[in-house]
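Peer 1: Spelled out, the chains give:
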Amino acid sequence: MKNSKRLLAGPYLFWAVSFIIIPLIMIFYYGLTDNDGKFTWMNLAKITTPENLKALGLALLLAFVSTVICLVLAYPLAMILAGRNVNQSSFVVLIFILPMWMNFLLRTLAWQNLLEKNGVINSVLHFFGLPSWNVINTPTAIILGMVYNFLPFMVLPIYNVLVKIDKDVISAARDLGAGNIQTFTKIILPLSVPGIISGITMVFVPALTTFVISNLLGGSKILLIGNVIEQEFQQGSNWHVGSGLSLVLMIFIIASMALIAKYDKDGEGTAF
Amino acid sequence: MPNKLIDIVGVSKSYGDNLVLDDLNLYIRENEFLTLLGPSGCGKTTLLRILGGFENPDSGKVIFDGKDITSLAPNKRQLNTVFQKYALFTHMTIAENIAFGLKIKGKSKSYIDDKIHYALKLVNLEGYQNRYPDSLSGGQQQRIAIARAIVNEPKVLLLDEPLGALDLKLRQDMQYELIRLKNELGITFIYVTHDQEEALTMSDTIVVMNQGYIQQIGTPEDIYNEPENAFVADFIGDSNIFNAIMVRDKLVNIVGAEFPCVDTGFGTNKPVDAVIRPEDIDLVKPEEGTLKGVVTHLIFKGVHYEMEVLANNYEWLVHSTDMFPVGTEVGIHVDPFDIQIMKKPESEDEEAVGIEE
Amino acid sequence: MKKKLQNLYLLLIVIFLYAPIMTLMVLSFNSSRTRAKWGGFTGKWYVSLFQDEAIMSTLYNTLIIALLSALIATVIGTLASIGIQSMNRKFRTFMLGVTNIPMLNADIVTGVSMMLLFIAFRMTMGFTTILIAHITFNIPYVILSVMPKLKQTNRRTYEAALDLGASPIYAFFKVVFPDILPGILSGFLLAFTMSLDDFVITHFTKGPGIDTLSTKIYSEVRKGIRPEIYALSTLMFVTVLFLLFLVNLKPEKEVHEKNGTIRKPSRARHTMRLVVTRVVPALLVIVITAGGFFYNSKTKISGSEKVIVYNWGEYLDPDVLDIFEEETGIQVVYEEYETNEIMYPKVQSGAISYDVVCPSDYMIQRMIENDLLDEINWDNVPNIKNIGQTYMDQSKAFDPENKYSVPYCWGTVGILYNKTMVDEPIDSWSVLWDPKYKDSILMQDSVRDAFGVTLKYLGYSLNSTDLDELNEAKNLLIKQKPLVQAYVVDQVRDKMIGNEAAIGVIYSGEAIYTQKENPNLEYVIPKEGSNIWIDSWVIPKNAEHKENAEKFINFLCRPDIALKNFEYITYSTPNEAARELIEDESIRNSKIAFPDASELSGCETFKFLGDKNDAVYNELWREVKSK
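Protein chains in written order, with the numbering used here: chain E, 1 to 272; chain P, 1001 to 1357; chain H, 2001 to 2627.
For reference, chain E alone in the conformation it holds in the complex (with noise of 0.2 Å):
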């Protein structure tokens, strides 16, 4: 019985190795060969030109605030979503999922609209007499941009972990004397670990890789890695040098999965 039943992931396994893991190996293929298909380290080592490492680099520093910008606005909003009524805990996926439904590149274009010289944000400034918000094409905009478009990777899983706090734990630790701080920061904080882990890698590693955002709201002045790499197979037709900095961000992903497999081990954290 329990074999049979164990040859239902046979269809999965068949597609996973198919189209998962055999396209991992062709990109170590292409990363770790040249035009000639000899071996060399070349594409790789490609990473430490000043170019790629400074849009490396600026991509890490993107992505990290914009993640500390996602986590600092999400868990308020978690802990806020999750004090409500239990029962509206689909209504509150659905929020955050509802903007999908309106294609992700319009809406980073649409913040062009809202972010411009004269843009809609500019345009209610002026009406109040302030001082317009120049902030289009910079690293701002990109990083307002990666919030946006990830900030309900980081509240989803949060929330899902609050939720499934016993409320009789806090109860327990309010009784044994902690007060509210020390209830958050013993209790409810070590607890939502997976839940920030997950929300952390499901933020950083779209926002360390994207090319769309960039794009969209840096006015094409700013390199981040994702560029890079997207621009060495649509433009460059370089695949090797693609593959082998592809090879390179696989790093970040695969420290992400560590990390999840050491905070998360029960899956608590999913996003959904």
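Heads up, a few of these hints could be off.
PhoX-like, lysine-lysine: derived pairs with alpha carbons at most 20 Å apart [as the list claims (entries may be wrong)]:
1) Lys1085(P) / Lys1004(P)
2) Lys117(E) / Lys2037(H)
3) Lys1182(P) / Lys1121(P)
4) Lys2149(H) / Lys164(E)
5) Lys117(E) / Lys2481(H)
6) Lys2419(H) / Lys117(E)
7) Lys54(E) / Lys2627(H)
8) Lys167(E) / Lys1076(P)
9) Lys1155(P) / Lys1004(P)
10) Lys164(E) / Lys1085(P)
11) Lys1107(P) / Lys186(E)
12) Lys186(E) / Lys1121(P)
13) Lys54(E) / Lys2479(H)
14) Lys2438(H) / Lys2481(H)
15) Lys2403(H) / Lys2546(H)
16) Lys5(E) / Lys2151(H)
17) Lys5(E) / Lys2174(H)
18) Lys117(E) / Lys2438(H)
19) Lys186(E) / Lys164(E)
20) Lys1085(P) / Lys167(E)
21) Lys1250(P) / Lys1343(P)
22) Lys2481(H) / Lys54(E)
23) Lys186(E) / Lys1105(P)
24) Lys186(E) / Lys1103(P)
25) Lys2090(H) / Lys262(E)
26) Lys164(E) / Lys2151(H)
27) Lys2346(H) / Lys2541(H)
28) Lys2090(H) / Lys5(E)
29) Lys2436(H) / Lys117(E)
30) Lys5(E) / Lys2149(H)
31) Lys1076(P) / Lys186(E)
Hints listed in this document are in silico derivations from the structure and should not be mistaken for laboratory results.
For this one, chain E is given, so just place chains P and H on it according to the hints.
Peer 2: Relative to chain E, chains P and H alone:
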């Protein structure tokens, strides 16, 4: 009699339209083992949570040691709670769980270590300090929850159905454990349960509650032997409860037969409830009983036989060490002092209001 | 008080999340084509949306891919979850680890890796490849939704069913399935949403002639999104909002009476809920699928005869394609690109065999030198006679014997400036380095254009390969960077119309359109000289429908068709016969569209400089961009 420690004065609480506690008055003495007993939804847990500070009553006051603590935060109260599902902190070791309250109070490390050691010894779980709660059995977790509460030396320990999740044998062991603990600690226990056996075994005082009202307060013996109304009688132990008519003082008509009893003051020809415990029914020869009947069921229960006797169209539940096979004609005899007469409640809601002490 | 603060915070976050969506909704009612200007309220885009076959078929592609991929992923994922659940710990960890890869991996890496796979196995990039990719990244969402529910189900109930004589399959569907159904449904919904919203992975795995909404939008970003897209998105959003609202209608609150009985929700309510949660989605699915087949059959009039066209974005009147299909019965598979540099590797890789492509001069030279182009059989293109001899002669710079290319559009690169923001007469590239216009300068985001302008300003040839000259240009560009508001391609148009910038480097073809929208704009070819360019139709060597390609090119050279295209894209046409047909005299004789030879004296055409020099240019450009 020791002093009053807690005085609950006119406490009411409702959730939306649902009235959970209605103008409830109760006091609890120092060093008392008091049990709040009732079916689920009777308001006993709400009352406990009000004591713990997790809920605020809509009206009324809670006086603790002479001071009004009605709106005092839970962390400022001198009582600790053992929660229904233990509510241990899963991200901390056993030692850290126990030390939690003490660390917050800023006790010294050596004091805390001593206390952990003492508490684990008290609950018979020495050597468990570095384990995590998930690796413990239900009964062990339960005892850790108690240890975590008592190291703070509360004046009162609140226990919310603490044995509910344990199996029978463990539950019985823990009952003795709790009595021992209470005696060693010398503090007040307020215990919430829906299990009458637990209540009868451990308590000094039992408060029977139903639908937000106190039905009866008394010692386990009082409650068992002299239930004040049909609800209490039905809830505590097995009972035969009859719609009866009080013919006159000391004579009651139960299902058509007249039984002498000891109760007076119910008037004449008034409808009443009559309660007879199954073990108080004596089965005798048919001609010797007040009433004749036929045995319809027989089950061996270990310490006694359980039988059902059909008499005047009513099933009488009888416990006896004598066995009468099914089909036997028997007589039913009840000693006058084994018949408990109770006034019929005016309405369901009003059941036994005003039985406050 | 605390509650009020919380509500305020929630409100702010909701505003943050929904402000862009409101903006898009407002734009869908903007009667002006450009997003940069409010032209008054209109509902016309909602009408023209449904007449626009390109958008509608894109929509149906998107929905069908989302639906199919979500369905298949749900089936595979649910089966997999059950299988994984009954595996031993080691194997389960492995499987869940693999499942995590597409979730955690960067979209770009996932997309690229799949692209490499499809190319390595010579799969034709198209509907199938997108579908495979979407299924791949959707399965994990299903598994992650189903697994927790599966963990919660009580094994004993399943065993109880077996004990009562149920077959394993029957037991599964009667006992386990209802328990995990919510997980399956939410997995499906999530997969559907994710597929709908994906851009990056689709971007790398799609082929010619197929677009999802995302890729369609991306290809339009540089030109400015067509308002119909806003209207479509608004409709989709509102529909989903409405559906979700219906589904989430709470059942009448179950009333707990004092005696403990529960009043059952009324029967009518129950039926209502059933309709909303089951029938409506089912109907939706049917409509989507039927619509998909309908549009598919409409676009595939005849499956056998087709021509695959690869053209610049917004570089052809869509009506022209319809006319061509109607007249010839040849189906046009149409795809767009943004720059020559993006087009080249696609053609070179041979992953997709395009029949007719429209590169610029220097790129044509490169393609000829690398033997990527086929000679055109002039017998099949009699309309070539309409093309002015001047342009055929100019073409000889990159196609010396006029063997490979048919000129389609031409123009110059110049400066577009806003007279209200610039009060001096502008006649030199030097204005692009004037600190006065800091943050008001829009520079072209392509290597050759950016360097070409700079080299010209320095007095060198824009085909320079002299390292010193190039480095000088590079340094100048780096110096310019702080002054630049943004590097853009076609967005110059919208930004200049919307008064976002004072000065922009722009193709002459865009100048006419922008002037129409914003009369304050003026176009000038700087005195140092500039680039004169020609985009021409060519036929790649690996074209599979060469004759159709020639028919297509010949068709485009017809004066009436060339005129139609000119009016739509406003780029100068080399088609003399078509120019004669222009009714508006001011345009027919416009100095911008058809400048005098004297104005063009300092202008040069880009040449292909060889792969080595190209690499040098790219390297220097990246240095500029990453500074």
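Peer 1: Quick one: which hint numbers does this structure break? Sort them smallest to largest.
Peer 2: 1, 12
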